[in-house]
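Fit chain B to the supplied structure of chain A, relying on the hints for placement.
Single-letter residue listing:
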Amino acid sequence: MLKNYLKIALKVLKRNRFYTFVSLFGISFTLMVLMLSTAFIDNELGANRPLSNKDRILVVSGMGMKKWQRETNTTIDTIYRNDSTILDTTIIETPIVGNSQSSSSSQLGYDFCKEHILPMQSPEMISLFVPQRQIEVYPNNARLELSTCMVDANYWKIFDFDFVEGQPFGESSIENQSHHTVLTEEAAGKYFGAQDSYLNRELVWGHDVYKIVGIIKEPNTSSFVVQGDAFMPVTNLPDHALNYGYGYFGGCNVALLAKDGASGESMTAELKQIENNTEMKDGFDILYLWEKDITDLYAWPIIGSQDTRSGNKFLMILFGVLILFLIIPTFNLINLNITRILERSSEIGVRKAFGARTDHLLIQFLFENIVLTFLGGLLGLVFTFFAMRWFNKAQILEGTHLEFNSTVFGISLLITLFFGICSGLFPAWKMAGKEIAVAIKNSRI
Amino acid sequence: MISVNNLSKSYFTDTLETLALNNITLHIEKGEFVSIMGPSGCGKSTLLNMIGLLDSPTEGVIRIEGQEFRHKKEKELARYRNQNLGFIFQSFHLISDLPVIDNVELPLLYRGTSARERRHKAEEALAQVELSHRIFHYPNQLSGGQRQRVAIARAIVGNPTILMADEPTGNLDSVLGDEVMKILMDLNQENNVTIVMVTHDENMAQKTHRIIRLYDGNLVN
Chain A
1 MLKNYLKIAL KVLKRNRFYT FVSLFGISFT LMVLMLSTAF IDNELGANRP LSNKDRILVV
61 SGMGMKKWQR ETNTTIDTIY RNDSTILDTT IIETPIVGNS QSSSSSQLGY DFCKEHILPM
121 QSPEMISLFV PQRQIEVYPN NARLELSTCM VDANYWKIFD FDFVEGQPFG ESSIENQSHH
181 TVLTEEAAGK YFGAQDSYLN RELVWGHDVY KIVGIIKEPN TSSFVVQGDA FMPVTNLPDH
241 ALNYGYGYFG GCNVALLAKD GASGESMTAE LKQIENNTEM KDGFDILYLW EKDITDLYAW
301 PIIGSQDTRS GNKFLMILFG VLILFLIIPT FNLINLNITR ILERSSEIGV RKAFGARTDH
361 LLIQFLFENI VLTFLGGLLG LVFTFFAMRW FNKAQILEGT HLEFNSTVFG ISLLITLFFG
421 ICSGLFPAWK MAGKEIAVAI KNSRI
Chain B
1001 MISVNNLSKS YFTDTLETLA LNNITLHIEK GEFVSIMGPS GCGKSTLLNM IGLLDSPTEG
1061 VIRIEGQEFR HKKEKELARY RNQNLGFIFQ SFHLISDLPV IDNVELPLLY RGTSARERRH
1121 KAEEALAQVE LSHRIFHYPN QLSGGQRQRV AIARAIVGNP TILMADEPTG NLDSVLGDEV
1181 MKILMDLNQE NNVTIVMVTH DENMAQKTHR IIRLYDGNLV N
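Read top to bottom, the protein sequences are chains A and B.
In this text, residue positions in the first sequence follow this note's numbering: the first is 1, and each later residue adds one.
In this text, residue positions in the second sequence follow this note's numbering: the first is 1001, and each later residue adds one.
Just chain A, with the same shape it has in the complex:
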């Protein structure tokens, strides 16, 4: 029977070429976009190097302080003494919690981190780093702009970069303010030109000379915590770049690595304690830390404000958009399928007259849809392959490298198949349940 169904399915596809084209294009294009989207999400938010530990990482990317508005109550007491009136005035200021009068925010100061964050007990490891400082260097008298990330020794343990050669600088480099640097392959190529090895070569920044101790692959993700062309010991930064404003603010971020996946909450709780226990300065009433996971950080510039954790919301919106993207072509497919099946009213009537049950017809039409979806899936695979190649080559989003993921393809194909079946089920069920006499009478043959 399946052979008969397959024969019919292929014949129907060949007969209605326009319908087949529209359906196949819809399915393959949907699949391609799904594949590209999921590859992009995996590229950006997946647990890939150097963010293999992403589920255990919290980043404190900044802090803020707020001063509440004050309600002023003035009490005047009048006293008569020796035939004269004496006024006794009492003024009481009460803060109105929640009504901000002024606020100030920044990244964290190096000294604040050393005093308040580094002593934390709940994380397994803490790294202090200053991300995304632009510098200018002049290889062969040509200007080259590099993005630096000034890091400590733990940074390399929390973020597992892929070293092409050499190794990260360690604790002694931090303590000794050594002029060591780790460059990305691309930055090294730009600075030195293509070389077999860049180790022990020297990069000149201003009056300082930095020795190349390691070369890393560019991370795929655009997350700013791991972005940079050159990574240098954080202790090489002058104090004014590390500490400014109120004694708490500065240029630092902190990455906290949880002991395991479940201990993120204890880190959050300990950060809350820091917020509550830190002495307020300059009349501010509260201090708060922007503590985010890797997804929050990604979502932050897209949908969130700085003081909200918006990663889950972001993922839900993303998921919703993907579902919407699947539902629209599904409705189109349902529409097309209804038209297509209506054209086959005679066939349905005849099959039923000769003994086909409703379930026979349902299976037949679903089988046809599965064949169509399968063909669309194959086409989608080809489209995805070429689209990814083009996307990676064109570098539309700098640093993004999409990789084909067979699991993602399998899941995408299953999702498409599911929607393919859904799009066929409704019209098939509707037509299969039609009275035979009506189906034959309404046929166009």
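It is worth saying that the hints were derived from the structure and are not from the lab.
For clarity, every value in this text was computed on a predicted model and none was experimentally measured.
Quick list of in silico lysine-lysine cross-link-like pairs, DSSO-like style, CA-CA up to 27 Å:
| no. | chain 1 | residue 1 | chain 2 | residue 2 |
| --- | --- | --- | --- | --- |
| 1 | A | K7 | B | K1121 |
| 2 | B | K1121 | A | K11 |
| 3 | A | K441 | A | K11 |
| 4 | A | K430 | B | K1073 |
| 5 | A | K434 | B | K1073 |
| 6 | A | K66 | A | K114 |
| 7 | A | K441 | B | K1073 |
| 8 | B | K1075 | A | K434 |
| 9 | A | K272 | A | K313 |
| 10 | A | K3 | B | K1121 |
| 11 | A | K11 | A | K430 |
| 12 | A | K190 | A | K211 |
Part of the chain A face toward chain B, derived, beta carbon under 7 Å:
| no. | residue |
| --- | --- |
| 13 | I8 |
| 14 | S346 |
| 15 | V350 |
| 16 | G355 |
| 17 | A356 |
From the derived model, a few chain A residues whose C-beta atoms are all more than 10 Å from chain B:
| no. | residue |
| --- | --- |
| 18 | F18 |
| 19 | S122 |
| 20 | N200 |
| 21 | T235 |
| 22 | P238 |
| 23 | D293 |
Backbone N, C-alpha and C define an ideal beta-carbon position, used for all residues, glycine too.
Leaving out everything else, chain B in the frame of chain A:
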């Protein structure tokens, strides 16, 4: 063989009831070749559809070989049609995407017959209507007469005891019509198949054992 008692069929819209068949009672013997005649819209095809279990009556009872079908499930009706009834339609209703042989195999497909046996029986049925040389042709490669012969082969491939023919010669010229009629008469005489045929053609009807006449949904004596 077939007994129809007080059969009525009405079609309903929101405001209107149309009576297609009114209180029909008739009996058809085993091996009988009966034609149903009447003007357009008198309910001939509706009656044939009822007898062929393709449609359900509003009132009344149909018994075939003593079996009543009023409360049968769709599954049971499908099985009965598949094993006992054959259908021939005016417009042939062949599946244009399938070659002749697959069209003829269709009833056996729903019987769970093996592919080899299906093929064998379909070839036999096609030989009976003298179309053995056309088995891999598609319906659109055949003439009207050949298409109707394929439809007859499809109707008889499962050895039904009753054939329902809805104007089988209606789309054919007189020569081809005679050819088809001859095949039906042979089937009736040689295989003792009971045939109920709707026709407009008085000459064709005269060749059958009995004519049932309908007018405005009523049986005319």
